[in-house]
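Novice: Throw the hints in and build the complete structure from the sequences for me.
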Amino acid sequence: MKKVIRLVKRNFIATIDTAFLIWQIFFPLLYLFIAGYAYASIIEGVELADKKIEYPAFIASGIIGLNIMNSSVTAGSMIWNDKRTGMFEQILMLPFTRMDYVMSNIITIIIIGIISAGIVIFASIPTVFNGIEISLSSIQFLLLAILLGSIFFGSIAIIASIKFKSNEGFQTMLNTTFIFFAFVSTTFYPAEGAPEPLSIAFHINPLTYVVNIIRAGLFNSIYDFLYIEIIILTIISIITFTVATRLLVRLNV
Amino acid sequence: MSCISVNALSKSYGSFKVLDSISFDVDYGKVFGFLGPNGAGKTTTIKILTTLIKPTEGNAKILGYDLLKDEQKIRSRIGIVQQKISLENNLSVLKSLELYGMLWNVQKRIREEKIEEVLDVFGLREIKNSKTEELSIGQRRRLQVAREFIHDMDLLFLDEPTVGMDPNARRILLDYIKKKVSDGLTVFFTTHIMEEAEYLCDEIAIINKGRIVTIDSPQSLRKRYGSIKMVELRLKEPFDRNVLNYDGIEIDNNIVRIVSDNAEEMLAEIVRRLHDNGIYIESLHVDSPTLEEIFLSIIDERYEKGN
Ligand SMILES: Nc1ncnc2c1ncn2[C@@H]1O[C@H](COP(=O)(O)OP(=O)(O)OP(=O)(O)O)[C@@H](O)[C@H]1O
Ligand SMILES: [Mg+2]
Chain Y
1 MKKVIRLVKR
11 NFIATIDTAF
21 LIWQIFFPLL
31 YLFIAGYAYA
41 SIIEGVELAD
51 KKIEYPAFIA
61 SGIIGLNIMN
71 SSVTAGSMIW
81 NDKRTGMFEQ
91 ILMLPFTRMD
101 YVMSNIITII
111 IIGIISAGIV
121 IFASIPTVFN
131 GIEISLSSIQ
141 FLLLAILLGS
151 IFFGSIAIIA
161 SIKFKSNEGF
171 QTMLNTTFIF
181 FAFVSTTFYP
191 AEGAPEPLSI
201 AFHINPLTYV
211 VNIIRAGLFN
221 SIYDFLYIEI
231 IILTIISIIT
241 FTVATRLLVR
251 LNV
Chain R
1 MSCISVNALS
11 KSYGSFKVLD
21 SISFDVDYGK
31 VFGFLGPNGA
41 GKTTTIKILT
51 TLIKPTEGNA
61 KILGYDLLKD
71 EQKIRSRIGI
81 VQQKISLENN
91 LSVLKSLELY
101 GMLWNVQKRI
111 REEKIEEVLD
121 VFGLREIKNS
131 KTEELSIGQR
141 RRLQVAREFI
151 HDMDLLFLDE
161 PTVGMDPNAR
171 RILLDYIKKK
181 VSDGLTVFFT
191 THIMEEAEYL
201 CDEIAIINKG
211 RIVTIDSPQS
221 LRKRYGSIKM
231 VELRLKEPFD
241 RNVLNYDGIE
251 IDNNIVRIVS
261 DNAEEMLAEI
271 VRRLHDNGIY
281 IESLHVDSPT
291 LEEIFLSIID
301 ERYEKGN
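Taken in sequence, the protein lines are chains Y and R. Its first residue numbered 1, the first sequence is counted upward by one per residue in our numbering. Its first residue numbered 1, the second sequence is counted upward by one per residue in our numbering.
The set of hints was computed from the structure by calculation and includes no laboratory data. Hints are not guaranteed to be accurate.
[What the hints assert, rightly or not] Using 30 Å as the maximum straight-line C-alpha spacing, the simulated DSS-like pairs for lysine-lysine come out as follows:
no.: 1; chain 1: Y; residue 1: K9; chain 2: R; residue 2: K17
no.: 2; chain 1: Y; residue 1: K83; chain 2: R; residue 2: K69
no.: 3; chain 1: R; residue 1: K131; chain 2: Y; residue 2: K83
no.: 4; chain 1: R; residue 1: K73; chain 2: Y; residue 2: K9
no.: 5; chain 1: R; residue 1: K54; chain 2: Y; residue 2: K9
no.: 6; chain 1: Y; residue 1: K165; chain 2: R; residue 2: K131
no.: 7; chain 1: Y; residue 1: K3; chain 2: R; residue 2: K17
no.: 8; chain 1: Y; residue 1: K163; chain 2: R; residue 2: K84
no.: 9; chain 1: R; residue 1: K54; chain 2: Y; residue 2: K2
no.: 10; chain 1: Y; residue 1: K165; chain 2: R; residue 2: K84
no.: 11; chain 1: R; residue 1: K61; chain 2: Y; residue 2: K2
no.: 12; chain 1: Y; residue 1: K3; chain 2: R; residue 2: K73
no.: 13; chain 1: Y; residue 1: K2; chain 2: R; residue 2: K17
no.: 14; chain 1: Y; residue 1: K3; chain 2: Y; residue 2: K83
no.: 15; chain 1: Y; residue 1: K3; chain 2: R; residue 2: K54
no.: 16; chain 1: Y; residue 1: K3; chain 2: R; residue 2: K61
no.: 17; chain 1: Y; residue 1: K83; chain 2: R; residue 2: K54
no.: 18; chain 1: Y; residue 1: K3; chain 2: R; residue 2: K69
no.: 19; chain 1: Y; residue 1: K83; chain 2: R; residue 2: K223
no.: 20; chain 1: Y; residue 1: K163; chain 2: R; residue 2: K54
no.: 21; chain 1: Y; residue 1: K2; chain 2: R; residue 2: K114
no.: 22; chain 1: R; residue 1: K84; chain 2: Y; residue 2: K51
no.: 23; chain 1: Y; residue 1: K2; chain 2: R; residue 2: K84
no.: 24; chain 1: Y; residue 1: K3; chain 2: R; residue 2: K131
no.: 25; chain 1: R; residue 1: K180; chain 2: Y; residue 2: K3
no.: 26; chain 1: R; residue 1: K54; chain 2: R; residue 2: K69
no.: 27; chain 1: R; residue 1: K84; chain 2: Y; residue 2: K3
Quick caveat, the model's predicted, so the values are computed rather than measured.
Specialist: This is the structure we're talking about:
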């Protein structure tokens, strides 16, 4: 584990582009306030299990999930970057296993996910979240969502970074896929209001589960299907993580 | 027990056999030179021995550990300077040395000491605050070599470490390696510069097309492959060519050149003939072959046989 921590430290010192990181963390705030308040005038409140919440609060919680997905692109970029600089091979000849390397990338994006969620929540409490109470169980749900979301999307990014021949290809593919993920999910609007086929599509999208878990935690609105969503997300996260690790272990250098 | 003991190692990419059952041993505390033309399989061998890639067949023991089973144990005791430049981006020279020491888990105090040392040895002190992307090729190479001496190791792999270095930097590196070797380090070294190999290596293996052609000390290689390569005799005056009617001789006015495998024996014979005919020798010049010429002749021989 200490080895993984050293690699994580390295990711933050050398591999991640600082400007990108800052953008990644603060961009959602911009979105949150502009979109949140702009739509609030057209969309009234949103029904959430037994509660009704304001639209800006709904979108703020969605943005935490969205940001976990977007940060995970970093996991793939780190591999691209290390391949380009030759540090990828170098690290694999140092006393680290490839598993250590994958773990360090996932942990790095979990940390980014936690920081960005923290910032969104911090900025939202006095504004769009007024009146909500953050309990221990909210934090647990939130961390669970960040953890599973980072593992799932991070693994997807790692797989894409291995499969694509160029960094541009990788970035374009991932960004377009993620835009699709973002809009066909409960990030910006509830599944209930959407027409039947779309609402089904919402539910084959892992981002929906990530966002639902976050919301359930933050607004303390637990419903029966939530636990099934958690189980599904856990299973697909384990599968994608296994695939990503396998691919990286077999990757020829 | 040897430091490196390679047993019938092969590596194929598809149907292309890059390494064809190579075997050799390297003793502790020695410098082993691995020479061969482009594409011979040197880097591939290093990648296998440093556990980066797996051999298709065969095995090896590195520092007593099994190459296929004890990867992590091997990695923790070796150093590697890759042929390709591999430096972190966006970091200063100093920061990138620190980061490398941190990755190797070198204690902070020792790390600082070692960094001070390599900054001086490899002439990096003046550029310690420059970003790695701003460095010249030779400076990058120096940094890449320098960082490897921050951590402790028993065996160091150097894949053409002097490429891009100026003669001074090159000599400093070779002498620093010599010093480390006298303290017990074992070195696996590849280069295309024969003088370097001769200066540094206790033993040299020549590899061509994935096969080891020969392994010997530089001295023995000379003995084996080039007894005396060329003898040039300058005579007092031009003479009748028929006096010296041998194969392997070139005559140019009063200059006689012997270019032959058994030049030594021929020389004795020729001197006798000249003496018998009353021709006097003004000067004699013997050219022993360089390692480079030996290398070329070995590679060439194999090339001709292969075709
Ligand atoms: N990943 C790979 N896939 C296919 N062929 C490869 C791969 N890596 C190396 N080769 C081939 O293996 C052969 C040996 O390459 P290697 O890099 O070991 O040569 P080298 O002796 O280090 O040459 P140089 O002096 O140019 O560095 C080359 O013909 C190369 O094309
Ligand atoms: Mg090479």
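Novice: So, for every hint listed, does it hold in this structure?
Specialist: Hint check:
no.: 1; hint: Y:K9 x R:K17; in the structure: 40 Å, violated
no.: 2; hint: Y:K83 x R:K69; in the structure: 26 Å, holds
no.: 3; hint: R:K131 x Y:K83; in the structure: 19 Å, holds
no.: 4; hint: R:K73 x Y:K9; in the structure: 23 Å, holds
no.: 5; hint: R:K54 x Y:K9; in the structure: 29 Å, holds
no.: 6; hint: Y:K165 x R:K131; in the structure: 28 Å, holds
no.: 7; hint: Y:K3 x R:K17; in the structure: 36 Å, violated
no.: 8; hint: Y:K163 x R:K84; in the structure: 23 Å, holds
no.: 9; hint: R:K54 x Y:K2; in the structure: 26 Å, holds
no.: 10; hint: Y:K165 x R:K84; in the structure: 20 Å, holds
no.: 11; hint: R:K61 x Y:K2; in the structure: 28 Å, holds
no.: 12; hint: Y:K3 x R:K73; in the structure: 14 Å, holds
no.: 13; hint: Y:K2 x R:K17; in the structure: 39 Å, violated
no.: 14; hint: Y:K3 x Y:K83; in the structure: 20 Å, holds
no.: 15; hint: Y:K3 x R:K54; in the structure: 23 Å, holds
no.: 16; hint: Y:K3 x R:K61; in the structure: 25 Å, holds
no.: 17; hint: Y:K83 x R:K54; in the structure: 19 Å, holds
no.: 18; hint: Y:K3 x R:K69; in the structure: 20 Å, holds
no.: 19; hint: Y:K83 x R:K223; in the structure: 45 Å, violated
no.: 20; hint: Y:K163 x R:K54; in the structure: 21 Å, holds
no.: 21; hint: Y:K2 x R:K114; in the structure: 22 Å, holds
no.: 22; hint: R:K84 x Y:K51; in the structure: 60 Å, violated
no.: 23; hint: Y:K2 x R:K84; in the structure: 28 Å, holds
no.: 24; hint: Y:K3 x R:K131; in the structure: 26 Å, holds
no.: 25; hint: R:K180 x Y:K3; in the structure: 28 Å, holds
no.: 26; hint: R:K54 x R:K69; in the structure: 11 Å, holds
no.: 27; hint: R:K84 x Y:K3; in the structure: 25 Å, holds
In summary, the numbered hints that this structure violates are 1, 7, 13, 19 and 22.
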